[in-house]
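Colleague: Chains A and B are the protein sequences, given in the same order.
Numbering follows full-length UniProt numbering, in which position 22 of the first sequence is assigned residue number 22; successive positions increment by one, without gaps.
Numbering follows full-length UniProt numbering, in which position 431 of the second sequence is assigned residue number 431; successive positions increment by one, without gaps.
Everything labelled a hint here was simulated from the structure, so no lab data went into it.
Check before you lean on any hint, since a few could be wrong.
As the list makes no split between identical chains, a pair holds if one copy fits it or if it spans any two.
Stated by the list, open to error - Calculated lysine-lysine pairs in the BS3-like style (CA-CA distance at most 27 Å, straight line):
hint : residue 1 : residue 2
1    : 254       : 342
2    : 254       : 194
3    : 265       : 250
4    : 254       : 265
5    : 194       : 397
6    : 135       : 162
7    : 342       : 137
8    : 194       : 156
9    : 250       : 194
10   : 265       : 382
11   : 135       : 86
12   : 250       : 290
13   : 290       : 162
14   : 336       : 250
15   : 382       : 86
16   : 336       : 156
17   : 156       : 254
18   : 137       : 162
19   : 98        : 250
20   : 382       : 135
21   : 132       : 383
22   : 194       : 382
23   : 132       : 250
Here's the letter readout for the chains.
2 protein chains.
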Amino acid sequence: MERHDSCSEWPVERQHEDCLSESTQERCPVNFPVAVVLPAAGSGERTGLSTPKQFCRILGRPLISYTIHAFERVCWIDNIVVVVAKESHDMMADILHKYNHTKVKIVEGGPTRHRSIFNGLLAFSEPGVGPKLQKPKVVIIHDAVRPFLEEDFLLKITLAAKEQGASGAVRPLVSTVVAATTGGCLDYSLERAKYRASETPQAFIYDIIYQAYQQCSEAEFQFGTECLDLALQHCGTRAQLIEGPPTLWKVTHKQDLASAEAVIKESLSQSACIISGECTETQNLSIWMKNCLTAAGMRVDAIPNTERSMTLSASRNVIKLSVNSSDFVEIREMMKRCEESKDFLLYPVIILWVFLNVSDQVSLRQENDEASTIMNLAEEAKKINIFLYCVQLRYSKVSTEWERTVNRLCQLTMALIRDRNAAFTGQMLQA
Amino acid sequence: MERHDSCSEWPVERQHEDCLSESTQERCPVNFPVAVVLPAAGSGERTGLSTPKQFCRILGRPLISYTIHAFERVCWIDNIVVVVAKESHDMMADILHKYNHTKVKIVEGGPTRHRSIFNGLLAFSEPGVGPKLQKPKVVIIHDAVRPFLEEDFLLKITLAAKEQGASGAVRPLVSTVVAATTGGCLDYSLERAKYRASETPQAFIYDIIYQAYQQCSEAEFQFGTECLDLALQHCGTRAQLIEGPPTLWKVTHKQDLASAEAVIKESLSQSACIISGECTETQNLSIWMKNCLTAAGMRVDAIPNTERSMTLSASRNVIKLSVNSSDFVEIREMMKRCEESKDFLLYPVIILWVFLNVSDQVSLRQENDEASTIMNLAEEAKKINIFLYCVQLRYSKVSTEWERTVNRLCQLTMALIRDRNAAFTGQMLQA
Chain A
1 MERHDSCSEW
11 PVERQHEDCL
21 SESTQERCPV
31 NFPVAVVLPA
41 AGSGERTGLS
51 TPKQFCRILG
61 RPLISYTIHA
71 FERVCWIDNI
81 VVVVAKESHD
91 MMADILHKYN
101 HTKVKIVEGG
111 PTRHRSIFNG
121 LLAFSEPGVG
131 PKLQKPKVVI
141 IHDAVRPFLE
151 EDFLLKITLA
161 AKEQGASGAV
171 RPLVSTVVAA
181 TTGGCLDYSL
191 ERAKYRASET
201 PQAFIYDIIY
211 QAYQQCSEAE
221 FQFGTECLDL
231 ALQHCGTRAQ
241 LIEGPPTLWK
251 VTHKQDLASA
261 EAVIKESLSQ
271 SACIISGECT
281 ETQNLSIWMK
291 NCLTAAGMRV
301 DAIPNTERSM
311 TLSASRNVIK
321 LSVNSSDFVE
331 IREMMKRCEE
341 SKDFLLYPVI
351 ILWVFLNVSD
361 QVSLRQENDE
371 ASTIMNLAEE
381 AKKINIFLYC
391 VQLRYSKVST
401 EWERTVNRLC
411 QLTMALIRDR
421 NAAFTGQMLQ
431 A
Chain B
1 MERHDSCSEW
11 PVERQHEDCL
21 SESTQERCPV
31 NFPVAVVLPA
41 AGSGERTGLS
51 TPKQFCRILG
61 RPLISYTIHA
71 FERVCWIDNI
81 VVVVAKESHD
91 MMADILHKYN
101 HTKVKIVEGG
111 PTRHRSIFNG
121 LLAFSEPGVG
131 PKLQKPKVVI
141 IHDAVRPFLE
151 EDFLLKITLA
161 AKEQGASGAV
171 RPLVSTVVAA
181 TTGGCLDYSL
191 ERAKYRASET
201 PQAFIYDIIY
211 QAYQQCSEAE
221 FQFGTECLDL
231 ALQHCGTRAQ
241 LIEGPPTLWK
251 VTHKQDLASA
261 EAVIKESLSQ
271 SACIISGECT
281 ETQNLSIWMK
291 NCLTAAGMRV
301 DAIPNTERSM
311 TLSASRNVIK
321 LSVNSSDFVE
331 IREMMKRCEE
341 SKDFLLYPVI
351 ILWVFLNVSD
361 QVSLRQENDE
371 ASTIMNLAEE
381 AKKINIFLYC
391 VQLRYSKVST
401 EWERTVNRLC
411 QLTMALIRDR
421 NAAFTGQMLQ
431 A
């Protein structure tokens, strides 16, 4: 990977693969070192849950891991400093290990948000435990509880900070802001159009925000909430405000966790891959399904067999069609290949196994045995973050009946994919 | 029902039953007429959906119907005026009819929020189409897209408005509010603790807010967003600001619909009623289940048989235990009684039918017939908003195996109740 290297601090080699610059076949748009500070020492009392919200699980994975991953996949981001409360250190270390977050260093938080951020910044300047991190040109400050970040927005924020010294995401106000009298009555209300909600990510030239924090008063450390304001007050740097997408919203209350889960589930439900097998019946069924799922807005690939080179976890939703007999070997092979992909733990992969019965020649005993084999296989699969579901359907020569059955199959398929509910794995559903 | 009647405009008879004042065995806390104006003429462009968000469906029912119901169940609220865009009139009328909203009148909206609210207020003062509504002492103004309202908070707002002329819900700011320069840079930021987000409900002495709107300038009608401000500017009335619960939040973006659904689903998953039958096996199973579900935080009643007087829809989740044979008559009877309850369409009721197999003497043919009968019954049930699911389990004399089976049954039960997914009705799951 070539890059325009104007900065002597810049590491020459980068290993990360899914970089915007590469996917668009352009040179890397950032030619200076960039790091991230992620304050995550809050207790999350507003969620009303005992676990701080950054550690609440969505599809089995802690929220903070989603946020970390959003930065880690960006090739021009070098280091991520996560600032956590002392009592969360071990939990955080476990999360980094389990989800293979290799760019992250943990730093201990302070009693307030500003103290925690400053601690994070110090990791680049002062020797702590372990090796000192390389000082970045630009540092991004973000909330651990805003997991949805696109690389192009991070790029905007980063380049604006490089140019202007500071930058921050803003959003239109959802509610009018009012000031109260001491008696709790309306004093005045602000004209909504003139103001913005300040969100994160924010970015700063490292030396500016570091200097701002060094000059911070005790009162600012204790009661302040706005990093952009520190840069303005102490360094005279006026941050560029950049309108961010609605997905930047902050997981604040308990119901926001459900929103976050819905956003993630929706993004995992965009596409599916149907493996039709070689026989005519399943290939026909595959065409029906493809049409039906495509009409419902999914992108669907249909292929006769899995190829060795294919990354199953790329589509996240694999639909395997079988006639009568069930081929456990192939499912086991799929599971193995999902597990081999480096990010199999990040999001659950769905394998939906569809049995097309074209004859009645199946005895009850055989069915029961099969049901319990499938249940056990699904238990195994769940351990490696694969959700295995089964649907069976009976072929009918009556075309209206067959159409109804296939439609029901597609309804079930979409519900299973969108729902991604671990409780229903191993079940044999009827279409 | 007795009440202290100090207001001559006050209707003497009230029919509504689930009033706070009655449930707490006190006199009705409000002795003056109260009405509601619900502006719902917005296009909801921020959701990114083609349907305005107030008409988006949650568990099959439009969001606005939840908001209406939250007011309609309060006995001291007399009328609700819903203000909708002209093109939504017929859809709104259908919603009122389908969900039996009897206290509601539809009024046509204007081009801005303030115009729409004023139109709503005029319904109490000016003759329009149909009979003029009784003028209230206090009028509550609320957003159609904030469906979660408790009666006690409405009471606070209403009484404060009666005393002070105006009142409104506020919430702490989630983000710092900033002002931008004309160049899009940070001008200054507000001290977060001094300001509040103004939410709804808001309440006003009718004559005050009516007068305020009559004096409104064209610019205010066009760009204003804050009713409390109108009362202050035109009538000198300083609204009492009252801190509201986090559930007041506004469905603004697409992901908020998922939050709202999660909140509703959670409130429907608090309790269950197990109908154990008379035989020892199912009664034992009922005890196991009750313990397991109670440990997971549910309130569980276990009774041997349904009583004629029992309102099945009250618990929203009915678990019926059967041994071997399936008693369709009893399920049909349950369905009939759910349908008879006046509010069966408001929330889907779950009937979970658990089959305990204590013998292997079931032939495949019989199972297939049964499966299709259940599937058809579930289709019928869905039409009257009942979700029928089935789980079968096999009794085991090996205690560890039996324990595992019962645990799996409880996991499935909770997942089905919490998920309330229409796609899985009629399925026969295995525990």
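Colleague: My question is about residue 194 and residue 382: at a cut-off of 27 Å on alpha-carbon distance, are they close within one copy, between copies, both, or neither?
Modeller: neither (51 Å within a copy, 49 Å between copies)
Colleague: I want to check one pair: residue 250 and residue 290. Are their C-alpha atoms no more than 27 Å apart within a copy, between two copies, both, or neither?
Modeller: neither (37 Å within a copy, 37 Å between copies)
Colleague: Up to 27 Å between alpha-carbons, please classify residue 254 paired with residue 265: within, between, both or neither.
Modeller: both (17 Å within a copy, 13 Å between copies)
Colleague: Please sort residue 382 with residue 135 into within, between, both or neither, judging by C-alpha distance up to 27 Å.
Modeller: Answer is neither; intra-copy 41 Å and inter-copy 61 Å both fail.
Colleague: When no copy is specified for residue 336 and residue 156, does a C-alpha distance of 27 Å or less occur within a copy, between copies, both, or neither?
Modeller: Classified as neither: same-chain Cα gap 40 Å, cross-chain 60 Å, threshold 27 Å.
Colleague: With identical chains, the pair residue 137 and residue 162 could be close in the same copy or across copies; at 27 Å between alpha carbons, which is it: within, between, both, or neither?
Modeller: Cα proximity of residue 137 and residue 162: one copy only (8 Å, versus 59 Å across).
Colleague: Between residue 382 and residue 86, at a C-alpha cutoff of 27 Å, which is it: within one copy, between copies, both, or neither?
Modeller: For residue 382 and residue 86, the Cα distance exceeds 27 Å both inside one copy (32 Å) and across copies (51 Å).
Colleague: 27 Å Cα cut-off: does residue 250 pair with residue 194 within a copy, between copies, both or neither?
Modeller: Both: 22 Å inside a chain and 21 Å across chains, each within 27 Å.
Colleague: Using 27 Å as the alpha-carbon threshold, which applies to residue 342 and residue 137: within, between, both, or neither?
Modeller: Neither: 30 Å inside a copy, 66 Å across copies.
Colleague: When Cα atoms must be at most 27 Å apart, do residue 265 and residue 250 count as within-copy, between-copy, both, or neither?
Modeller: both (18 Å within a copy, 22 Å between copies)
Colleague: When no copy is named, should residue 132 and residue 250 be tagged within, between, both, or neither for a Cα gap of at most 27 Å?
Modeller: neither (31 Å within a copy, 45 Å between copies)
Colleague: Between the shortest in-copy and the shortest cross-copy C-alpha distance, which are at most 27 Å for residue 254 and residue 342: within, between, both, or neither?
Modeller: neither (31 Å within a copy, 32 Å between copies)
Checked against the numbered hints above, the structure violates hints 1, 5, 7, 12, 13, 14, 15, 16, 20, 21, 22, 23; every other hint is satisfied.
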